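Novice: Residues per chain, in single letters:
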Amino acid sequence: MNHRVTSIEHAETRLAWLLVAPALTIILLVSLVPIAVTGWDALHLHDLRLPWLGQPFIGIDNFVEAANDPRFRAALLHTVAFALISVPLELVLGLGLAVMMHAATRGRTFVRVSALLPWAIPTVVAALLWRFMFDVQTGIVAASFRTLGLVGPAFDWFVHPRAAWFPIIAADVWKTTPFVAILLLAGLQTIDPALGEAAEMDGAGPVRRFITITLPLLIPALVVAAAFRMLDALRLFDLAYVVTGGGPGSATEPVSLYAFITLMQRLRFGYGSALSVTAFLLTFAFALVWVRVLGRSITGARS
Amino acid sequence: MSIRPVALVPAIAGVLLLAVLLFPICWMLAASLMPESRLFESRPFLPTAVTFEHYRALFDERNFLVPVRNSLLVSGLTTLVAVPIAALCAYALARLRMRGKGLVLACVLAISMFPQISIVPPLYLILRELRLLNTYPGLVLPYLTFSMPLGVWLLTGFFRQLPKDLEEAAMLDGATRMRALRDVVLPLAAPGIASTAILTFLYCWNEFLFALSFTLGPDRYTVPVAITLFRGRYQVPWGEVLAATVVATIPVALLVLACQRRIVAGLTVGATKG
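Which chain is which? The protein sequence lines are G and X, in order.
According to our numbering, the first sequence is numbered sequentially starting from 1.
According to our numbering, the second sequence is numbered sequentially starting from 1001.
Read the hints as simulated data drawn from the structure, not as lab findings.
Treat each hint with caution, since some may be false.
If you want the footprint, here are the derived chain X segments under chain G, 3+ residues with CB under 8 Å [what the hints assert, rightly or not]: (1) 1017-1023; (2) 1028-1039; (3) 1098-1109; (4) 1115-1126; (5) 1130-1144; (6) 1239-1251; (7) 1257-1263.
Heads up, incomplete: computed chain G residues facing chain X, CB under 7 Å, no partners named [to be verified]: (8) L15; (9) V30; (10) T123; (11) L129; (12) L183; (13) R235; (14) A259; (15) F269.
What follows is a list of derived Cβ distance ranges for each label pair [claimed, not checked]: (16) G/A21 / X/V1050: 54 to 62 Å; (17) G/L288 / X/P1191: 34 to 42 Å; (18) G/R162 / X/A1011: 32 to 40 Å; (19) X/V1050 / G/I191: 43 to 51 Å; (20) X/L1254 / G/L150: 36 to 44 Å; (21) G/L267 / X/A1011: 51 to 59 Å.
Just so you know, these numbers come straight off a predicted model, no measurement behind them.
Glycine included, each C-beta is placed from N, C-alpha and C at the ideal position.
Let the sequences and hints guide you as you build the complete structure.
Specialist: Here is the structure:
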């Protein structure tokens, strides 16, 4: 009998690996191997414009160059600053939207569709839309700022190094707040309404109930949403490419875009790979830190 | 009496939020129907004269059907390849006894999170070597890098939600694992598989960096690449660009309208296990 059970178990394990194998093989071939190759290429001088140089091994020279490259350091700063500004905005607004969706008694379908549309449209479309709305000649948002007297009559958002970030961040917040809201809404729906009702009996007002009951119970969902958003924000590419092209100059250029230009326009594959590796390490480092925070905050919420 | 205005605050905030969410899309639609000259007036607002000129120019002069066809083909093919393979893997991860499940899932999640740019250089060189640059397979292969992990991750979540009793009953009645999977589990998992397929299709339809890197000319551009590379003689041809963004949004909007519940289910099953 015992023998039979183990043989059934063996058969099951064999079947499991058989089912997993195709997917894992594909993931290995199209993702893991290329990542390793990028890491390897980053240690070489590899310039597609200078094929006669071959691809000599140069150790960490590419990374040394990156560390001393002011444009790369600026790109790094841009990427992190963009993530740290846009993600908290999205979390706060997403929380508001989620609470609203949760409270809505009528028109739930309409609200859900309105929230899903910005999330689902292509990032490139969102980028073009916000570029259009901030355009000095055609832009309705640019015109509104002028009418309100917040900017001068001929203010062009895209020629000011700081102002050019506004359309990028606006597009990102607009597009991804609904995503955050949907994740948080799922969190809200798992909270037992009896808790709030009990607190209401005890005389707690809606704001107090939200802060002392809803928010602490929502922390796990918030942590997850923040992680998804941060990792996505750190790989910012589409919006910067389409809204500003990284400009004016390279004032809005994130790491992914600088790496792309180095690779596909300057054809410096060795150096571009090194820049890509740092983009990878940046997300990796964040993920590691976040897993620790995540573990702590979830246990914190339970105690 | 003082409670009423306070109670109105969330409603007003909600309406404002919804307006902000929907306004850019309505504006895109309205502006795409305006004559170009009106776009440059200080505050054009509503289209007084509706014109389909931009749409005509889009399809007649810019051959926009070509990128639409390319995008549909590549997104559809990727979904058809990724979802079934991911489903087999996810079933094993959700149900079968095997070691290293946690590790496999962690790897899958990690891979779906890394920046796409970090695999662009080797993929470009490999595709060039295989003469697959500027081809459909040359996009489907890179698209598997995000659609496989996405599919495995989502479907593992969906399979875990299914009750075990039915397939166990089928197996007690003498059905093999594979038979139980085919006749009992798959029909039950159909909604989850639909969610996964919809999300995969949407991610492929929206993808930009790979398509920009691995296509070389208008014959293989996908919709996002084609729109981005529109050039006017002197300035951005906004009328045509807006018409193109509307066309790019139509399949997405149809999916959202028809399948909103499935999309929400997909988004939340992916996050609740994180």
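Novice: Taking the hints in turn, state whether each one holds.
Specialist: Comparing the hints with the structure gives:
| no. | hint | in the structure |
| --- | --- | --- |
| 1 | 1017-1023 | holds (count 5) |
| 2 | 1028-1039 | holds (count 3) |
| 3 | 1098-1109 | holds (count 5) |
| 4 | 1115-1126 | holds (count 12) |
| 5 | 1130-1144 | holds (count 3) |
| 6 | 1239-1251 | holds (count 5) |
| 7 | 1257-1263 | holds (count 3) |
| 8 | L15 | holds, 6 Å |
| 9 | V30 | holds, 5 Å |
| 10 | T123 | holds, 6 Å |
| 11 | L129 | holds, 5 Å |
| 12 | L183 | holds, 5 Å |
| 13 | R235 | holds, 4 Å |
| 14 | A259 | holds, 5 Å |
| 15 | F269 | holds, 5 Å |
| 16 | G/A21 / X/V1050: 54 to 62 Å | holds, 56 Å |
| 17 | G/L288 / X/P1191: 34 to 42 Å | holds, 35 Å |
| 18 | G/R162 / X/A1011: 32 to 40 Å | holds, 36 Å |
| 19 | X/V1050 / G/I191: 43 to 51 Å | holds, 48 Å |
| 20 | X/L1254 / G/L150: 36 to 44 Å | holds, 38 Å |
| 21 | G/L267 / X/A1011: 51 to 59 Å | holds, 56 Å |
In summary, the structure agrees with every hint in the numbered list given earlier.
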